[in-house]
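Number of protein chains: 2
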Amino acid sequence: MNNSLSIIPLGGVEEIGLNSTVFEYSDDIIIVDAGLMFPEEDMLGVDFVIPDYSYVFENREKIKGIIITHGHEDHTGALPFLLKEIDVPVYGTPLTIGLIKEKLKEHHLERIRLIAVRPRDVIQLGAFNIEFVRVTHSIVDGVGLCINTPLGRVVHTGDFKLDPTPVDGQLMDFHRFSEYGEKGTLLLLSDSTNAEKGGFTFSEKEVRRAFEDIFSKVKGRIIISTFASNIHRIQQAIDVAVMYGKKVILCGRSIVSNSQIALDLGYLSIPANTWLRLEDLNKLHDEEVVIITTGSQGEPMSVLSRIAIGEHKTIQIKDGDTVILSAKIIPGNERSIGKIINHLFRRGANVIYEKVSEIHVSGHASKEELKLMLNMVRPKYFMPIHGEYRHLRYHGMLAEKTVVPKENIFILENGEVLEISEAGAAKNGAVSSGRVFIDGKGMGDVEDMVLRDRRRLAHDGIVLVHIAVEKLTGNIVSGPDIISRGFVFEDASPDVMNDVKELVLETLSHMDKEMITDSSLLQAKLRSTLKKYLRNTMERRPMIMPIIVEV
Amino acid sequence: MNNSLSIIPLGGVEEIGLNSTVFEYSDDIIIVDAGLMFPEEDMLGVDFVIPDYSYVFENREKIKGIIITHGHEDHTGALPFLLKEIDVPVYGTPLTIGLIKEKLKEHHLERIRLIAVRPRDVIQLGAFNIEFVRVTHSIVDGVGLCINTPLGRVVHTGDFKLDPTPVDGQLMDFHRFSEYGEKGTLLLLSDSTNAEKGGFTFSEKEVRRAFEDIFSKVKGRIIISTFASNIHRIQQAIDVAVMYGKKVILCGRSIVSNSQIALDLGYLSIPANTWLRLEDLNKLHDEEVVIITTGSQGEPMSVLSRIAIGEHKTIQIKDGDTVILSAKIIPGNERSIGKIINHLFRRGANVIYEKVSEIHVSGHASKEELKLMLNMVRPKYFMPIHGEYRHLRYHGMLAEKTVVPKENIFILENGEVLEISEAGAAKNGAVSSGRVFIDGKGMGDVEDMVLRDRRRLAHDGIVLVHIAVEKLTGNIVSGPDIISRGFVFEDASPDVMNDVKELVLETLSHMDKEMITDSSLLQAKLRSTLKKYLRNTMERRPMIMPIIVEV
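Protein chains in written order, with our numbering: chain A, 5 to 555; chain B, 5 to 555.
The following block holds chain A by itself, in its conformation from the complex (with noise of 0.2 Å):
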């Protein structure tokens, strides 16, 4: 409908990640931000999953821009797959752009258009006008939204948290929210990640304490393993460091090109002779040392991971190291970070981790946030975004219990449409929506077949049969050959490779000549005979591929 707004989330209504959100008026068209998911367990070998933009790409003409709220990869990721397609502006604040310029020039996209604005500035993209609005989040420069619409104001928070003493004193812009409420706000989006979590999130400076706590009192070497994107974690322990007289280095691509990036900007302060090189390490005493670098999420190839297995190439762990894990513990990844945290202990080093010490703190609001969020805004209608059902529901009824009836608060799934005009708001159908694997440098081609493939095969591996088959007679001139791979180990189970071997050559006597030159009979009737006896004798299900060579 032409005098009406939709809004469709792409990504993000289902899941932690994978943010990206559609708001459309008449011909123009604004998405707010584009961001990545890591994968699920059952995405095997799939590196990153992004939102399916097929709806965007078959929308081109209308696209005015792309507003990135922060420089967190589930907000940006998905950006070099969405700009390889459609050419418009992108706008955000500098460290937002600064980030995003280095993604691009990697995926060669230094076509595209980056303009950086700042809080409070206001931007017009079609029939949208666009207010950015600070926000206090884990990242630097973070921004919600206020989108003035024809139909009024549509207020998005981005990623936030109420941090009433953030590290770069930037505080959040509480008069711009309240007014909006003031004001009148049609709808308000609200990041409902932590919106399970009772009470208040500290303030990222509770950190600053714990280093404190710990630097004052270790005498060896400190190395701390944070997101490359958390400046302000970075800012913290380079601020106590100096406090204690130590130096500092970066190790690791991401952490050093972040951090540079923040420093060109202004967005990160380092007094002069801090920031030292690797190569400096073996010049300090161990009681100057700390090093920061990643591998917080247990990530094999990181500079962590491989300190913790004794193979990194200059970092070596001995006694009276601390290893500090500044991050929180994502889902999924426990037992992973769990055997780098044994490793370290192992060689020697003291380990200090979430569990165990206040040494992180979320970037998101929790409840008690989230419910002043919505009584500065008092929106009309309410939509909460960022998570997956639960946390949704969970943000619903904490709207439900301050300022919005029950039924003007939306959840919805990816793709479906918001749909609001003068007679009100509704959910008005879906357009196409869905996630795209990325794995290595394709794009698309791993489709739900192939996971499906991909889990069958890691669960009982595959087993292969092969014979040729001369095409006139029918007789078997070579083979059947069994091979299986992550199976069974052969050489301990003779006896499997046997019976199976057996069994295709009886399978093959009670089969007349017709039937085995038939090959597609061929291959049907052998994958169900093994398969039965398979899952009979060994309760297994390995795929079965039998390959027929006529000749």
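Mixed in with the good hints there might be a few duds.
[Stated by the list, open to error] Partner residues aside, some chain B positions facing chain A, computed with beta carbon under 7 Å:
hint, residue
1, P43
2, P335
3, E338
4, E392
5, V454
6, R458
7, G465
8, G478
9, S482
10, I551
[What the hints assert, rightly or not] Pairs of lysine-lysine, BS3-like flavour, derived with a Cα cap of 25 Å:
hint, chain 1, residue 1, chain 2, residue 2
11, B, K201, A, K343
12, B, K221, B, K359
13, A, K109, A, K68
14, A, K209, A, K221
15, A, K201, B, K343
16, B, K375, A, K221
17, A, K359, B, K405
18, A, K375, B, K221
19, A, K410, A, K187
20, A, K223, B, K431
21, B, K332, A, K343
22, B, K475, A, K505
23, A, K332, B, K343
24, B, K201, A, K359
25, B, K431, A, K322
26, A, K359, B, K332
[What the hints assert, rightly or not] Selected chain B positions facing chain A (in silico; Cβ < 8 Å):
hint, residue
27, G336
28, G352
29, V355
30, M453
31, D457
32, H463
33, V553
34, V555
Simulated from the structure, these hints should not be mistaken for lab results. C-beta atoms are modelled at their ideal positions from N, C-alpha and C, and glycine is treated no differently.
Starting from the known structure of chain A, fit chain B onto it as the hints suggest.
Leaving out everything else, chain B in the frame of chain A:
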């Protein structure tokens, strides 16, 4: 050595689970616990893991008996596999023996002698004189052990917490543990599961308060999911159900079987007319219904999973239902549990879980309790058990802070031998040990190589190239045909498959007849060529299997 005592953990000191320890003196061996572990995420297709019992099998004539401290799977689950090979009596308290009896029946091991003992009973097994000591834990009828040896007293806590208000009123035997300390204890082995957690673990009774709070407010049906072995939890749910005039339906094979065993042995008490059958569900008003079931870990075939996805025959979620996940979320299961919670919310239930309510307490002692145990027993030597390295290390630090000098604390790996003689205690070598993977009916036929293959298949799938070659001439008589599984979606990527085929043809055209007729040479050449090509063009590393048929 003949006059020395050897303590050999075969499992449970590099992982949570797999608990099993050998005690050996002269010609006598006893085994304490024989547990399984559920697979880690890289153990693809493995159903569960048990310790490698080679050492036990090699010394089968020495084994005097197996003692089980309590009925949890991580202490009993390897028993059937162990008892298939050796025929020795098994000792445990009545509930433990009841649960084991059921398990052995499934494995047709009725021949095994099961001997029920009670706390403070004393048995003699060869050189070992063993007293059973009551402990409190998340399963009824758990015990620790006082193992008197010719060299002195060894105290083994089993799994425990110091619960001052256990649900069954059976108090921890503080007197005995203190007396062991007073009389002198050579070695303490103690549960390290929660050694990272500060403070005290709450009493199981605290969960009753949460149940009362929920039961008093909720109007609709209540579905509680917990571990089938958590008889205390089931008792509390029943007690509160009775208090609010509700009926209880137990749903799921294991929970019904365990409850029946506990009921028969007097460990569970259910008033008349309270336990109804699932068939009676529709005769009840919603506010009368409490269903107790399993599936709290998101297991895909559990009752709760089937309810969540709408595939349970009898129980369909409707508005007003409340689902309580009254169990710990075991690390690694967060995502599958999260999905179930989302599904249940979507179908209209309210879901209450660990993160949002005090609906679960741990069964393991936290730091303060561990220190109290050390204070009571005051051992000369200390060996933390039941944990990954970091848990053992933290527990070691607690021992050092309280009563054991650092040099008397021994953190062992599986298979390592702690030898104690008149001269003192020291690590002395290792016996063969490891993990045996159980996959379907197979035991031990899934080796590391098979898992490596599964991981590789899982990551990028498999590409098969098959060619029939005339033995004498080297002429290609059939193929090359390219088939892939789990690699790319072939319909969407015909180019890739064509490119691979072209590359194979080109490779063949550069090889002389002699090389082509040497099938192992041809295989190696094709493998390396395709591997390089796919890595460079697509950044993928599928398993490549050239199949050469010679005719």
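field: Pairwise hint evaluation, K332 of chain B against K359 of chain A, where the allowed Cα distance is 25 Å at most
entry: holds (15 Å)
query: Given G465 of chain B was flagged as interface, is its beta-carbon under 7 Å from a beta-carbon of chain A?
result: Nearest chain A Cβ about 6 Å off; hint holds.
message: Between the alpha carbons of K109 of chain A and K68 of chain A, is the straight-line distance 25 Å or under?
response: holds (22 Å)
field: H463 of chain B as chain A interface residue, shortest Cβ-Cβ below 8 Å
entry: H463 of chain B check passes; min Cβ-Cβ to chain A is 4 Å, inside 8 Å.
field: Hint consistency between K223 of chain A and K431 of chain B [alpha-carbon to alpha-carbon, up to 25 Å]
entry: violated (30 Å)
query: Minimum Cβ distance from V553 of chain B to chain A below 8 Å?
result: holds (5 Å)
- request: Hold the hint about G478 of chain B up to the distance rule: shortest CB distance to chain A must be less than 7 Å.
  value: Hint violated; G478 of chain B Cβ to chain A Cβ min 14 Å, cut 7 Å.
query: Holds or violated: M453 of chain B as interface residue toward chain A, Cβ cutoff 8 Å?
result: Holds: closest Cβ of chain A sits about 6 Å from M453 of chain B, inside 8 Å.
Evaluation of the interface hint that places V454 of chain B against chain A, nearest CB under 7 Å: holds (5 Å)
field: Restraint check, 8 Å cut-off on beta carbons, for D457 of chain B near chain A
entry: Since the shortest Cβ distance to chain A is 4 Å, the answer is holds.
message: Checking one constraint from the list: CA of K375 of chain A to CA of K221 of chain B, max 25 Å. Satisfied?
response: Distance ~23 Å between K375 of chain A and K221 of chain B Cα, so the pair holds.
- prompt: For the pair supplied as a hint, K359 of chain A and K405 of chain B, is the alpha-carbon distance within the 25 Å limit?
  reply: Between K359 of chain A and K405 of chain B the Cα gap is close to 20 Å, so the pair holds against 25 Å.
In this structure, the earlier hints numbered 1, 8, 20 and 28 are contradicted, and the remaining ones agree with it.
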